[in-house]
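Protein chains in written order, with the working numbering: chain V, 1 to 94; chain S, 95 to 511.
Fair warning: there could be bad hints in the mix.
[As the list claims (entries may be wrong)] Not the full set, but computed from the structure, chain V residues with beta-carbon under 8 angstroms of chain S:
hint: 1; residue: Val13
hint: 2; residue: Leu17
hint: 3; residue: Phe90
[As the list claims (entries may be wrong)] Below, computed lysine-lysine pairings styled on DSS-like, alpha-carbon distance capped at 27 angstroms:
hint: 4; chain 1: S; residue 1: Lys442; chain 2: S; residue 2: Lys135
hint: 5; chain 1: S; residue 1: Lys137; chain 2: S; residue 2: Lys270
hint: 6; chain 1: S; residue 1: Lys478; chain 2: S; residue 2: Lys137
hint: 7; chain 1: S; residue 1: Lys135; chain 2: S; residue 2: Lys241
hint: 8; chain 1: S; residue 1: Lys167; chain 2: S; residue 2: Lys241
hint: 9; chain 1: V; residue 1: Lys9; chain 2: S; residue 2: Lys241
hint: 10; chain 1: S; residue 1: Lys501; chain 2: S; residue 2: Lys167
hint: 11; chain 1: S; residue 1: Lys241; chain 2: V; residue 2: Lys53
hint: 12; chain 1: S; residue 1: Lys270; chain 2: V; residue 2: Lys53
Just so you know, the hints here were simulated from the structure itself, not pulled from any lab data. Ideal Cβ positions, reconstructed from N, Cα and C, are used throughout, including at glycine.
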Amino acid sequence: MTYLESILKVLLVGLVLGAGLPAVFAAGLVAYSNGAGRTESDGSVHAPNPALKYFGILLFLFVAWVILTAVAWITRATLIHHFGFDPFPFMATK
Amino acid sequence: MSAETIILVLLIATALVFDFTNGFHDTGNAMATSIATGALKPKTAVLLAGVLNLVGAFLSVEVAVTVTTSVLKVQDSKSGHLLPNITPSMGLTIIFAGLIGGILWNLLTWLFGIPSSSSHALFGGLIGAGLAALGTAGVNWSGITSKVLIPAVAAPVIACLVAACGTWLVYRITRKVLQKRREEGFRWGQIATASLVALSHGTNDAQKTMGVIALALITTGHLTGDVKKDGLPFWIILSCALAIGFGTYIGGWRVIRTLGKGLVEIESPQGFAAEASSAAIILSSSAAGMALSTTHVATGSILGSGVGKPGAEVRWAVAGRMAVAWFITLPAAGLVGALSFWLSHGVKSLTGSDLAGDGLIFVILVALSFYMWWRAQQQKVDSKNVNADWDETTNSVVPAEVREATKVTKNKDTAAV
Chain V
1 MTYLESILKV LLVGLVLGAG LPAVFAAGLV AYSNGAGRTE SDGSVHAPNP
51 ALKYFGILLF LFVAWVILTA VAWITRATLI HHFGFDPFPF MATK
Chain S
95 MSAETIILVL LIATALVFDF TNGFHDTGNA MATSIATGAL KPKTAVLLAG
145 VLNLVGAFLS VEVAVTVTTS VLKVQDSKSG HLLPNITPSM GLTIIFAGLI
195 GGILWNLLTW LFGIPSSSSH ALFGGLIGAG LAALGTAGVN WSGITSKVLI
245 PAVAAPVIAC LVAACGTWLV YRITRKVLQK RREEGFRWGQ IATASLVALS
295 HGTNDAQKTM GVIALALITT GHLTGDVKKD GLPFWIILSC ALAIGFGTYI
345 GGWRVIRTLG KGLVEIESPQ GFAAEASSAA IILSSSAAGM ALSTTHVATG
395 SILGSGVGKP GAEVRWAVAG RMAVAWFITL PAAGLVGALS FWLSHGVKSL
445 TGSDLAGDGL IFVILVALSF YMWWRAQQQK VDSKNVNADW DETTNSVVPA
495 EVREATKVTK NKDTAAV
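The whole structure should be built from the sequences, with the hints applied where relevant.
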């Protein structure tokens with residue numbers, strides 16, 4: 001049944017992008033937060049760790065890049081039609 | 095100006111009104127969670143959503159000229175023209191009646207603060223009108239099953255699953271992060287994902303109205319040539335984009351309230367995961383050619399974010415009421431569509447005037463719409479009370495204090511009499 005195929009496809013992509021990306025974002029948040037350092041309620045201090053902080057930012061940028069790529073993919077036809085710009089020149093057009 | 099031109103103008107106006115109701119009905123899909131958690135102020139959220147819907151509508155170049163072919167057998171699936179057995183007069187009335195069914199159902203569900211699918215409302219209206227006009231032969235039953243019914247069941251389930259996974263992952267990964275930082279970080283994430291949903295809604299939904307208007311223009315001979323190749327006249331795209339953008343900005347607060355406060359008491363991480371899930375599913379399904387209802391996806395995601403967070407409160411009674419509304423959307427809108435068609439057809443046969451028939455149902459549409467809008471104003475939900483505590487005793491979208499206030503004024507009036 002082709003609907004089952006489509007449904008499974010959507011579920012898979014949904015899981016990877018819809019649950020996977022938030023997980024990456026969350027990991028970025030953890031890295032950034034640990035990298036920025038903090039003071040616990042009992043007074044102990046965690047030192048800031050710049051490498052970790054920048055890794056966190058890197059993860060955020062990765063998420064942003066995936067989103068921009070996805071939007072460019074969806075609107076590819078419009079971009080070609082109105083601006084003559086193909087964001088994926090290496091991929092065959094439909 | 096001929097009668098047909100007047101009918102065409104009324105029809106285009108009605109289509110834009112449908113687009114407008116589609117806008118405010120779906121604002122909540124993108125923004126309800128951000129408004130509920132405070133990631134965005136209510137007015138900022140609806141402005142952002144409005145602009146993104148406008149942009150999204152322009153970004154969609156996929157011309158849905160054959161919008162009715164999924165559910166009816168009145169259009170040729172290649173050229174978009176009406177099939178030869180359908181007169182222009184009947185074709186226009188079917189579209190008109192279909193839009194009326196869609197609009198009235200959208201307004202009724204908005205009044206009760208029930209998120210429901212505008213696409214299904216339109217399809218329901220068209221199916222009802224098609225049945226009334228042509229009987230069962232005019233309806234594309236297999237299309238309805240594969241393009242409307244199956245996606246309707248699949249969408250909320252997929253969305254619930256994805257959002258539940260996302261929410262669980264997000265909470266688990268950030269369990270040691272400082273609460274304040276977590277809230278702040280996810281608030282920013284919410285703004286990004288909510289914007290994505292608003293954008294994808296614009297690309298998806300404005301299409302339907304453009305397709306309906308294109309069909310009407312093709313029918314009356316005002317639009318010729320290969321629409322798929324040349325694209326639609328700019329004024330159609332512009333007017334539909336403005337209608338949906340403006341409708342989104344007006345912000346169906348009643349629906350936003352139910353989605354943001356009524357279903358699940360939402361925190362930032364949940365809101366973030368819910369909208370990310372919605373965005374991913376809406377975009378991937380439209381890329382796969384399987385159009386899903388944005389409302390079904392968004393609602394499923396919000397429920398999933400409640401399920402995915404250990405200890406979260408989900409109001410299944412509210413969800414159940416919504417499910418019932420979803421089940422009856424097609425038949426209810428269909429009934430209104432069928433009644434509208436019969437009324438117009440009846441008057442046309444009696445008076446011999448197309449304008450009398452279509453004009454009458456237009457007037458009735460305006461009257462009923464105004465009545466429902468007026469009822470909503472009596473117990474108003476707006477940007478100021480959209481985040482008020484949910485009334486658990488009645489599960490009504492109207493906050494308890496507004497209900498009490500209107501009761502007091504009513505009693506005062508009768509006492510004076």
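Against the structure, the hints come out as follows:
no.: 1; hint: Val13; in the structure: holds (4 angstroms)
no.: 2; hint: Leu17; in the structure: holds (4 angstroms)
no.: 3; hint: Phe90; in the structure: violated (18 angstroms)
no.: 4; hint: Lys442(S) x Lys135(S); in the structure: violated (50 angstroms)
no.: 5; hint: Lys137(S) x Lys270(S); in the structure: violated (33 angstroms)
no.: 6; hint: Lys478(S) x Lys137(S); in the structure: holds (9 angstroms)
no.: 7; hint: Lys135(S) x Lys241(S); in the structure: violated (37 angstroms)
no.: 8; hint: Lys167(S) x Lys241(S); in the structure: holds (14 angstroms)
no.: 9; hint: Lys9(V) x Lys241(S); in the structure: holds (16 angstroms)
no.: 10; hint: Lys501(S) x Lys167(S); in the structure: violated (50 angstroms)
no.: 11; hint: Lys241(S) x Lys53(V); in the structure: violated (47 angstroms)
no.: 12; hint: Lys270(S) x Lys53(V); in the structure: holds (16 angstroms)
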